[in-house]
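Undergrad: One-letter residues, chain by chain:
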Amino acid sequence: MRKCVLMQALMLAIAFSASLFLGRILFPPWSLNGMHDVILTYIRLPRLVAVVLVGAGLGLAGTSFQNVFRNYLAGPGVLGTTAGSAFGAAVAILLTQASSMTVQVSAFFFGLIATLIAYRLARLVGEDSTLSLVLAGIVVSALFSGLVGLIKYEADPYNKLPTIVYWLLGSFSGIRWCDLTPSLPPLLAGILTLLLLRWVLNILSLSDEEAKSLGVNVSLYRSIIIVAATLATSASTSMAGMIAWVGVVSPHIARLLVGFDNRDLIPASALVGATLLLVCDDIARSLWSAELPLSVVTDFVGAPILFAILVRRRLQYHVRD
Amino acid sequence: MLEIRDLWFSYSKGYVLKGINVKLRKGVGCLLGPNGVGKTTLLKCVCGALRPAKGEVLLDGRDVLKLSYVDRAKLVSYVPQELSLRFPYTVLSVVLMGRTPHLNILAGPKEGDVKAALEALELLNIKHLARKPFTSLSGGEKRLALIARALAQESKLLLLDEPTSFLDFRNMHLVLSIVKETVRSTGRVALMTLHDPNIACMYCDEVFIMKDGRVVNSGPPQDVVTEDAISRVYGLTVRVVRVNGHKVILPQRPICGERVETCLHR
Numbered sequence: 009m010r011k012c013v014l015m016q017a018l019m020l021a022i023a024f025s026a027s028l029f030l031g032r033i034l035f036p037p038w039s040l041n042g043m044h045d046v047i048l049t050y051i052r053l054p055r056l057v058a059v060v061l062v063g064a065g066l067g068l069a070g071t072s073f074q075n076v077f078r079n080y081l082a083g084p085g086v087l088g089t090t091a092g093s094a095f096g097a098a099v100a101i102l103l104t105q106a107s108s109m110t111v112q113v114s115a116f117f118f119g120l121i122a123t124l125i126a127y128r129l130a131r132l133v134g135e136d137s138t139l140s141l142v143l144a145g146i147v148v149s150a151l152f153s154g155l156v157g158l159i160k161y162e163a164d165p166y167n168k169l170p171t172i173v174y175w176l177l178g179s180f181s182g183i184r185w186c187d188l189t190p191s192l193p194p195l196l197a198g199i200l201t202l203l204l205l206r207w208v209l210n211i212l213s214l215s216d217e218e219a220k221s222l223g224v225n226v227s228l229y230r231s232i233i234i235v236a237a238t239l240a241t242s243a244s245t246s247m248a249g250m251i252a253w254v255g256v257v258s259p260h261i262a263r264l265l266v267g268f269d270n271r272d273l274i275p276a277s278a279l280v281g282a283t284l285l286l287v288c289d290d291i292a293r294s295l296w297s298a299e300l301p302l303s304v305v306t307d308f309v310g311a312p313i314l315f316a317i318l319v320r321r322r323l324q325y326h327v328r329d
Numbered sequence: 002m003l004e005i006r007d008l009w010f011s012y013s014k015g016y017v018l019k020g021i022n023v024k025l026r027k028g029v030g031c032l033l034g035p036n037g038v039g040k041t042t043l044l045k046c047v048c049g050a051l052r053p054a055k056g057e058v059l060l061d062g063r064d065v066l067k068l069s070y071v072d073r074a075k076l077v078s079y080v081p082q083e084l085s086l087r088f089p090y091t092v093l094s095v096v097l098m099g100r101t102p103h104l105n106i107l108a109g110p111k112e113g114d115v116k117a118a119l120e121a122l123e124l125l126n127i128k129h130l131a132r133k134p135f136t137s138l139s140g141g142e143k144r145l146a147l148i149a150r151a152l153a154q155e156s157k158l159l160l161l162d163e164p165t166s167f168l169d170f171r172n173m174h175l176v177l178s179i180v181k182e183t184v185r186s187t188g189r190v191a192l193m194t195l196h197d198p199n200i201a202c203m204y205c206d207e208v209f210i211m212k213d214g215r216v217v218n219s220g221p222p223q224d225v226v227t228e229d230a231i232s233r234v235y236g237l238t239v240r241v242v243r244v245n246g247h248k249v250i251l252p253q254r255p256i257c258g259e260r261v262e263t264c265l266h267r
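First to last, the protein sequences are chains H and Z.
Under our numbering, think of the first position of the first sequence as 9, with each following residue one higher.
Under our numbering, think of the first position of the second sequence as 2, with each following residue one higher.
Keep in mind that the hints were calculated from the coordinates and are not lab data.
Backbone N, C-alpha and C define an ideal beta-carbon position, used for all residues, glycine too.
Honestly, I wouldn't trust all of these hints.
Dumping the calculated DSS-like pairs for lysine-lysine here, alpha-carbon to alpha-carbon at most 25 Å [claimed, not checked]:
1) H:K11 <-> Z:K133
2) Z:K248 <-> H:K11
3) Z:K67 <-> H:K11
4) Z:K111 <-> H:K11
5) Z:K14 <-> Z:K75
Computed spacing ranges between beta-carbons, pair by pair [what the hints assert, rightly or not]:
6) H:S231 <-> Z:M2: 34 to 40 Å
7) H:K160 <-> Z:D72: 50 to 56 Å
8) H:N41 <-> Z:R132: 30 to 36 Å
9) H:G154 <-> Z:D213: 50 to 56 Å
10) H:L28 <-> Z:S139: 51 to 57 Å
11) H:S231 <-> Z:D64: 23 to 29 Å
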């Protein structure tokens, strides 16, 4: 198991190094000139660091949501966390001078609200069933997407509308070191918290009553994990827009590699999320002459992978529903 | 020694437990009573899964209801009827979860915890299942794995919710013998719910008969499990006969009049 996680880390390292030399301007690492140095250190490196952290954050958020909600279809996108964060960030862009701090706070706040509404609604529809959370997530996502639509309608078409639209489509293009700084603290805080609580996630994936009888303060740890996962999601969203599928797919790929125990699954899903997003970003920036929006690529890559895995896992997941 | 004093519990309206009193000096105690009298609820209150409205649960003089989740889990372990597992963890992972109250929750289980979990599996002779997915086990194996989890928790008091349900004839007796033997050899106390008074007579040192959220009768099985008491609690005429010195409780036929459905409980 530990070996699988190490293998994953190695894969990520290879993908990361290869991605540094991929893109519109292709150059081999053994013949660099001054311009190449600038591209590497000021354009590609910050971008790849952002991609890796966002991918890891989304993968972790997905695994954590799947465990605390005891639902293998949960993820920041499915629950509406991403839509909530997107609305929060869009409101901040519309109403303020879009200081990065307000965007962060607003994205986190509305992301958390969206998650909690989905959780509450799901319990109204049906206690502890896979379907109810997904349904609630659809409702919440629709609600916040509607609100985002309203904001687009209201936004100044010359100045703010293009910013909002392009950012919503999701992209890491143009990210410099200084763009990274505002999202870094919440993203790292979320990632580290979730990495630390990996054993608790095992216990929380049991029913509340069982978790309590094993000595775990369920409501406390569940709150911490939901906040941390939302923090990672909202920081990702405010940095790079709505990135679909990575959060819900990465845990499933990671489970194929290391199994279900969160002690291995949590680091593995961070590494898988990072690698997956890195590959998607590589495709987005090198496939076409102009850069593709990232969410288009993750849609094409993520959705079929999820479907294939669920088909394969059918028997294993069919545990008393 | 386990002593439950005047325990009350309500889910939303109306009390399910109405002043429960239980005194179990040592060994295996058993809650008997028809469906829905609050046996499972009582176990969940004792292990901290549910919060009772009032009452005390004294284990060797300490009120476990006043303890934190962690401290309580060190003293009390709970074996549910069925583990509601969403993800197919391995048996070893499931048994390791029993170590949770003893470990640093951020660091997770260490070598010593894995050893304790394997020892618990060994004690129940199911070490060979350690690497299998829990969900692939048979009913009897699942039950044993959950008991192993409770043993790995190293608590003084074991609570078992219907440890015989879903088990075949042999496994039922196997599981109960193992529980009785483990409790005896490790100086633990066990409280379980059972449906069959015959089984209770064979394996329990103390029987508590429950009706409508109260314990109406308690004591050693030979004193408590009588024709009269069982007939009254279950609303079913029974006869007690003796076979090789064992008490056997047999329902009198016909159980009710012509229409069976009118006499089903609830």
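Undergrad: Hint by hint, note whether the structure agrees.
TA: Hint-by-hint comparison with the structure:
For the given pair, K11 of chain H sits about 19 Å from K133 of chain Z by alpha-carbon distance, which is consistent with the 25 Å threshold. A threshold of 25 Å between alpha carbons decides the hint, and for K248 of chain Z with K11 of chain H the separation of about 58 Å lies outside it, so the pair is violated. A hinted pair counts as satisfied when its Cα atoms are at most 25 Å apart, and K67 of chain Z with K11 of chain H does not qualify at roughly 44 Å. Between the alpha carbons of K111 of chain Z and K11 of chain H the distance comes to roughly 18 Å, so the proposed pair stays at or under 25 Å and holds.
Between the alpha carbons of K14 of chain Z and K75 of chain Z the distance comes to roughly 32 Å, so the proposed pair goes past 25 Å and is violated. The hinted range of 34 to 40 Å is satisfied by S231 of chain H and M2 of chain Z, whose Cβ atoms lie roughly 37 Å apart. At about 54 Å, the CB distance of K160 of chain H to D72 of chain Z agrees with the hint of 50 to 56 Å. One distance hint, 30 to 36 Å for the beta-carbon pair N41 of chain H and R132 of chain Z, is violated here, with the actual separation near 55 Å.
Take G154 of chain H and D213 of chain Z: their Cβ atoms lie about 52 Å apart, and the range 50 to 56 Å holds. About 53 Å separates the C-beta atoms of L28 of chain H and S139 of chain Z, a value consistent with the hinted range of 51 to 57 Å. Checking the proposed 23 to 29 Å range against S231 of chain H and D64 of chain Z shows it holds: the Cβ atoms sit about 27 Å from each other.
Hints 2, 3, 5, 8 from the earlier list are contradicted by this structure; the remaining hints agree with it.
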